[in-house]
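So the chains spell out like this:
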Amino acid sequence: MIGWPYRAPRLFGAFVLTAVLASAGPPAWAAAPADLELRPPNLKPAPKSVEAGMWDDSDRAEAHTRIAAELDTDPALQAYVRGVFCKIAADYCGEARVYVLDRPFLNATCFPNGYVEVWSGLLLRAQTEGQLAYVVGHEVSHFARNHSLSKWNHDKTTRDVATVLTVGVQAGAMFGMVKVAQSGAPNSRQMIDDISDMAQNLNDLIYLGAMAHIMAYSREHENEADRLGFQRAVAAGYEKSTGPDMWTGTIAESRASDFAAVRKADVRASIYRTHPLDQDRIDALKAQGGVVAAPDIDARKRYRAAIRGHLGSWLKDDLRRRDDGQTLFLIDRLSEVGEDFGVLQFYRGEAYRQRRHDGDAPLALAAYKTAVGYPDAPVAAWRELGEALRRAGDKPAAAEAFETYLAKAPDAEDRWLVEASLKTVKGA
Amino acid sequence: MAGCTTTKVKSAAPAMIVQAAPDSKGLLIQPDVQLSLVTASGMHAVRADWSQAAQANLAAAIANDLKGRSHPFEVMDPAASMEGRTGQLLRLNEVVGQSIFIFEYGKPKLPTKKKKFDWTLGEGTQVLRAQTGADYALFVTCRGTYATAGRKLFSFGAMFLLMDVPLGQQKVQASLVDLRTGRLVWFNVATAGSGTDIRTPDGARDLTHSLLKGLPF
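Here the protein sequences line up with chains A and B, keeping their order. Residue 95 in the working numbering sits at position 95 of the first sequence, with consecutive numbering throughout. Every number in the working numbering is 1000 more than the matching position in the second sequence, counting from 1.
In short, the hints are calculated from the structure, not lab data. Everything numeric in this text was worked out from a predicted model, so none of it was measured. Since no wrong hints were added, every one of them can be taken at face value.
Label-pair distances were calculated between CB atoms; the ranges are: (1) H64/A x G1106/B: 18 to 26 Å; (2) D1049/B x V164/A: 26 to 34 Å; (3) K1116/B x R308/A: 51 to 59 Å.
We put the beta carbon where it would ideally sit given N, CA and C, even for glycine.
One chain only, chain B, in its complex shape:
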């Protein structure tokens, strides 16, 4: 049952991407993470301690990954920036991210977005650019569940009865936004493999490595 971490990248058409100048600065919005446990019968319960651990681990791993790249970057804590236009952009990114998740990765397709990846936060993102001097912003959101021992046992036994009982799953999505145009130039969703536990620093590092592998920055 062991699985590897899988990723699924979506990129804007090359014509829409303005190549990042070597000295262009990045803005890392601290990841938004919420993890839950899933009980034998499928009840979910948020685990604040897991969320906090994974959040800290992912934040450190992403910052570390970016340090290995050529661009300077700045870190922004969304909790401290929810006022005014910045807060509105963060929330806009949240709903745009949800829509991408549904319409690019799920079954329903929007008629206007069938052929190309064409999403934007609008030119309002220039506010963030003016405020921070960054040309690109990287957003990371993680939602996931972990099965309890009871759930794992049930799932295993249920196989013999031809019943499909899914275990926990953790998905991390990252989007790179060109702050000059608001366009989402790159988007990736990584699903953690069974050996990758983002509640540990090692797991978070592995997942971040897969998640940001093709980041054009």
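Next up, chain A with everything else stripped away, as it sits in the complex:
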């Protein structure tokens, strides 16, 4: 029943209202007073509060994590990440439980109960300890400012207002429809339909406005956490480039994606985004004294030493995201440090092998060849080198690579498979 004339004003109205609601409130950087109130250490929520409910949810999430297969159990890595947390947030060090999860995405979270998740995808993407510290500092700041609770309260108020408005619209529409029906006008049926449509459109508009208002508040929180996280990083002695560098890195990684939607995702501003654009985050951090500078090579080497043992397994996990363009970008960046070429070249080969674009096969072969020249090459590099050589038709070299694999990994589970491959290249 809704004709097109109703659609145009509806969309225009939605745009105006959402724009007004989204821009309501002070600008992001002025949002918080100079002396921000931080939550006291070892806070316990009141038993019947909304906050206690959030703790209950967080406790359940933590209980699952404690026994999750994706929990990284390397005590050295756990201690290192916990150490970074305590450097950046000495105030909450005592109550925090820091868990490293093997999840190949850039993320970390501080739950209201002191349960902290740091994902391996963040550890792989941070180039220095400072960048890791900046992101952890950002998350700690959400925690320190009780953002989840204030977001809940803000969402509640927003939705209450929207509910009152919706009821008002509905009541007005009912009143109008009854009046029209009583008037007995010849076109009353059409008029009632029109009123109903209009009420529906108005209510859609109220909903969209409320959503935009909620998202705007979320972006304010992100901006505040960026600023406070940056302050924490600087106070802990990390470089002023750590914050901006983190976002510069994510922009570059987005652009390296195999998927157009990912490449474009971070350039479209929207009133419905939960997070600000990365470029806006960089600009805001610069306004806070942040600088854009290539990360210090010594700092990168020190950080690499802390995560070295996990580099291979994290890259393997990253390949499962099936965005080989991004994985190759990460490998390029990791290679700048000038170390770990055996591991990095092997996974470069794996990324090309998995991607299978035209011309990727020789690139994979070249990467495997380079990898086996370094002492840190995973033993699988010889197997894959053998396979790549076999496909390229170089049977003698393939046989040699397979034999090296079997010599280096005599107890490999796939020994029988590689022996079979060896037979085919030897023509037996």
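Given the coordinates of chain A, work out where chain B should sit on it, guided by the hints.
This is chain B only, laid out in the frame that chain A set:
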């Protein structure tokens, strides 16, 4: 608006059920309960105190119900048993329970499970049997909401405007697992009626009575 507690039982085909021997032992996994409030505009907030009260009440009521039956049974606290194979089985039961809730009680149907109730945790449940000596395990999960006064007022007023504003609802699901085969032999979902408040011992007892009425154990 007052409603009675309703239940909806699903059972495995009789051929799949091995009748419980008179002396076979049961294992009661302590119920997993989480209750929330729902505000006027539909926001949910977990209430830890309600969850704890209902958990204690349901646990006591279920244990009491089982005592009235002929089989011996043992109680297991899942929070203390989340390590190793036992913990894996508890978590497996959790996701299988969620799937049953979706595909047996909801709209979407799995093509292979349209005609009969055919769910299992797998023979790995024998680990639990070896550990506890129980032949059957009873799992109970409860999720629910209670409307605030504001929500109730809004819902009432909204009726006059032909708007449907749902109030709180509490659902408890129970499953009986044959630990020899892993098969779910019996599954029930009870929805609390408006006069039944599981945060009170009486309400929990009423709901448990409806929930376990046809339990083949």
